[in-house]
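The residues making up each chain are set out below.
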Amino acid sequence: MGMEDDILKDFLAESKENLELLDQQFVELEEDPENEELIKSIFRTIHTIKGTSGFFGFTTLEGIAHFAEDILSKLRDGLVKVNEDITTVLLQSVDYIKAILAELEATGKEPVDTEYLDFIVDLRNFAEKIAKEAGVKDEQKEKGETEKEEASEQKEAKEIDKKEEENGEDKKEEERLKKEQDETKQTESKDSIKKKDDKKPSSKPVRKAPPTTAHLTESHVRIDVHLLDQLMTLAGELVLSRNRLTQLANQLNDPEFLTANQRMSLVVTELQERIMKTRMQPIGNVFNKFPRIVRDLAKAAEKKVQLRIEGAETELDRSIIESIKDPLTHMVRNSIDHGIESPDIRVQKQKPPVGTLVMKAYHEGGQVIIEIVDDGAGIDPNKIRQKAVEKGLLTEEQAEALSEREALMLIFQPGFSTAEKVTNISGRGVGMDVVKTNIEKLGGTIELNSEKDVGTTIKIKIPLTLAIIPALIITSGGQRYAIPQVNLVELVHLNPKLVERDVQKIGNSEFYRLRGEILPLVRLRKVLGFQEDEEEKNSSEGMNIVVLNAGGHLFGLVVDSISDSEEIVVKPLGSHLKHIPIFAGTTLMGDGKVALILDVVGITSSATAGEEGMKETTIVTGKDGEEDHQFLLLCTIGPNEYFALPLALVNRLDKIKASDIEYVGGKEVVQYRGHSMPIIRLENYLPISPLPEQDEYHLIVFHMNEKDIAFMVSEIDDSLDLAIDVEEGTFKQEGILGSAIIKERTTLFLDVYQIISMHDPDFFIQDDVTGIETARILLAEDSTFYRNLLSSYLTGAGYEVLEAEDGAKAWELFQTEHIDLVITDIEMPKMNGFDLTRKIRNESNNKDVPIIAVTSLSGEENRQKGLEAGVDDYQAKLDRDQVLSSVATLLKEKSLANAA
Amino acid sequence: MVQENNNLPVEGEKNLVEMSISDTSQFVTFHYGKHFFGLPIDDVIEINKALDITPVPMAPEYVSGVVNLRGQILTAIDLAKRIGLSAKDFKVSEKKELHNVIMGNREEPVSLLVEEIGDVMSIPKDKISPPPDMIEGINLKYVDQVCKLESRLLIILDSKSLEQAENNKNQGN
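Residue numbers (the working numbering), protein chains in the order written: chain V, 435 to 1334; chain R, 98 to 270.
For the record, the hints were derived by calculation from the structure and aren't laboratory data. These figures come from a predicted structure and were not determined experimentally. Do not rely on the hints blindly, as some may be mistaken.
In silico BS3-like cross-links for lysine-lysine, where the CA-CA straight-line distance does not exceed 27 Å [claimed, not checked]:
| id | chain 1 | residue 1 | chain 2 | residue 2 |
| --- | --- | --- | --- | --- |
| 1 | R | K245 | R | K224 |
| 2 | R | K178 | V | K960 |
| 3 | V | K783 | V | K1273 |
| 4 | R | K224 | V | K1012 |
| 5 | V | K1141 | V | K939 |
| 6 | R | K245 | V | K1027 |
| 7 | R | K257 | V | K1012 |
| 8 | V | K895 | V | K1012 |
| 9 | V | K1027 | R | K178 |
| 10 | V | K794 | V | K723 |
| 11 | V | K960 | V | K895 |
| 12 | R | K245 | V | K1012 |
Next up, chain V with everything else stripped away, as it sits in the complex:
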């Protein structure tokens, strides 16, 4: 109800302004009867009043507006000329409308008085008279039209149907109105005697004047937004002054002063909150424009769409509301134009002919989430791939290599439009990229989910306000910087020992191993252009890493020190500084000094750009949350052999001199950290050209099963973040998982586990695994690369592995085969890991089978979801030791349970 009250208030305030204007416009119109613009403007005002009063069910008001609009429409169409009679009647209508509005404002109800009804009747008669006059002129016109219509009747039966519908509606409306009038009259006649006393109309004769003088009190005023912004600035300054005063008060320790200051503090805080509040507006202000937009769009596209709006009362900073309107419109257009199917196709698909479009807004964790959900055709990733190739954005191979999620993200690329034909609604090749940019400018993110024939969901997350945000204050190079809390994932402090152990430098990029995942590091000092002279400082003081999320992509920002988290007031940078991508704005700190706000997304792009100069080091960023993304380590043997392996498997990189290699028992070893570590020459196990003689070799060191072992290669080439999609056909052989084209070179993916097993068949034998009889593991994983990798180390550990490339296949196998344990990926086509788990838990006859979900990313959200679905454990795919120990534990538990 509160919402409706707000709308009513807005409506009253707006109508009042417009009506004041109307008086003037009518007078102008009399002087300049031909002025079309003026008539249109008047028409619009009346039309709005009619519409809104209809919405609230104010029938009297609607009636007056309706007939006034009738008359105006004749004027607008040039069928009748303005004369004094018409102006008089219209002005009277305005007066009556004002009177009703005044009553509405006072009581929230329409006045009940026959006088209004009499006026409606008079007005109606007058409108009919005008219509008749107009009819004379209109007749010829209409005749022509009817003839035309008759001619095309059979062809365009549809259209005529529509017209009839509309006529019918009109009639219905008239009937309803009459009925209502009659009803009111009846009730009125009873009440009127009582009522007449307390509400005496100023004059009785209907045509002369309305019952109450239109005295509208102002409860709303319009204020220049600029003024509000200034107030906000001043309030911020007031807070700072207050802080200083509080400090002083504490020093002086004068009780009276302290009390006075405390009082002032409260007021200042409240003042600030109120001023903030003036900037907040319900998102309904934007949403309520959509019923109309949707209707028009649906009509133009010959589709049937029902719009549902949820959470219109959700409040947002006005500046954001302004800026999301266009992106929203665009997305709604897309949904109607590309998403929702035409009624006959929907019926074929066994969906209701009327499509549903939901616009939803809600608060979540200090952010506002806006969702646009349609139950349309969804987006077909193949179609997008195809389009991308056609448009020359990608080569065919590249397009094939994209995962479904990545393919979907393509629609945010500039110059991309999937509409089969260009319509006047959308498909002009501009759009979603602009939408994305605009949302990101607001500090928001955009997510797209789509399922073919089920529908599309677009989820936008935007900050509640741009004016005051929570932020983390950090220091780098002696200056303080603020990092918006929305981007913050976690804080990590590494002592020098851990830095030594877990921070990896490859080329010019650094990585940190955060719980088994590879986190690229960006040094803020470097980004800010300070000299890099703190290599030694690291070792003495350790390292502070702020783990940040830049649009789904995690990275660690290395800073000098981390201070508090604070609410900061965001102030823009001046025009000389706006272009610097790494800053999002400035803020004032408690001591009155300025701190710069870091733009997290800007930092990643600037870090990437900075590295372009150093050739061979490319970190492909921004592939949002893609599951099969992995950091790969690229290395070479000799000039022509290129290899890749997951960086996550690598423990360290090192160099050794050729002279350091020793031979023990026919195998090569090297002294490494106090142990002798076996080293493997890949050419011994793979059909490749041998490692050429070098003075110095690079070692890729693995730490598995509590032991170190290393591959020896010529060069460590690069590290790369990309989606792994390997071809297994061409190079399928022992020790190779497959191949892929990386940087225009055929690169072989090494099966690290298998190669190690080939070198030392006993390497992976664990004491506690022996003795367990061979268990059968069902492995559901859609990526060939990971399936081979997992299968390789599971088989290596002595298990029998059944492979399935998706959830549905796995479910089939599960029902027919005896399975001791299931390992499943989460994101899979046809049936995802969660669904598979639920199916096994609920529908199978082997409900208690242990299930391990594996992922290349670990997200708390997914973990939670997995546990809810009934997963026993949750592991990172590449963490062989963890996965194996989890398998062993679960199998042991199960056999114990069975025994019991």
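Keeping the supplied structure of chain V fixed, place chain R upon it in accordance with the hints.
Quick look at chain R alone, frame taken from chain V:
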């Protein structure tokens, strides 16, 4: 009316009152190195002796950083670097605090950093002339007019080009 032409701050102030406004222009004057500058008084919002400058990494070279002026954050532009004075033309010790001439439009003023604030001077309009073809060490783009005083040249700066951001066209948006 010759005495207006001297550049001694104190006297300049006295004369200010006596001058008739129609045939003179008023300038806020300041020093940087050996040069003597002026800005039309209408372009100057206020003078602030010392504001804390927060450096902005990656900023254009002429931007020293940002300052807080009663809650409004302004870009601080170093006059010397902006107009191309080379280091030998001014010897400001690093520790010395520069003064802020807050100038430009009220929507987005900038703070022009100068070495020393001079005085407000009234100068007869007929004493003001267009700049010469060359002033040593100064980019003439930023010079609007000059006025020959008895002992030195008053360089009247063009506030528009001073506050105009250069890199906005290609990098903004």
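Identify every previously stated hint that the structure contradicts and give their numbers, smallest first.
4, 6, 11 and 12
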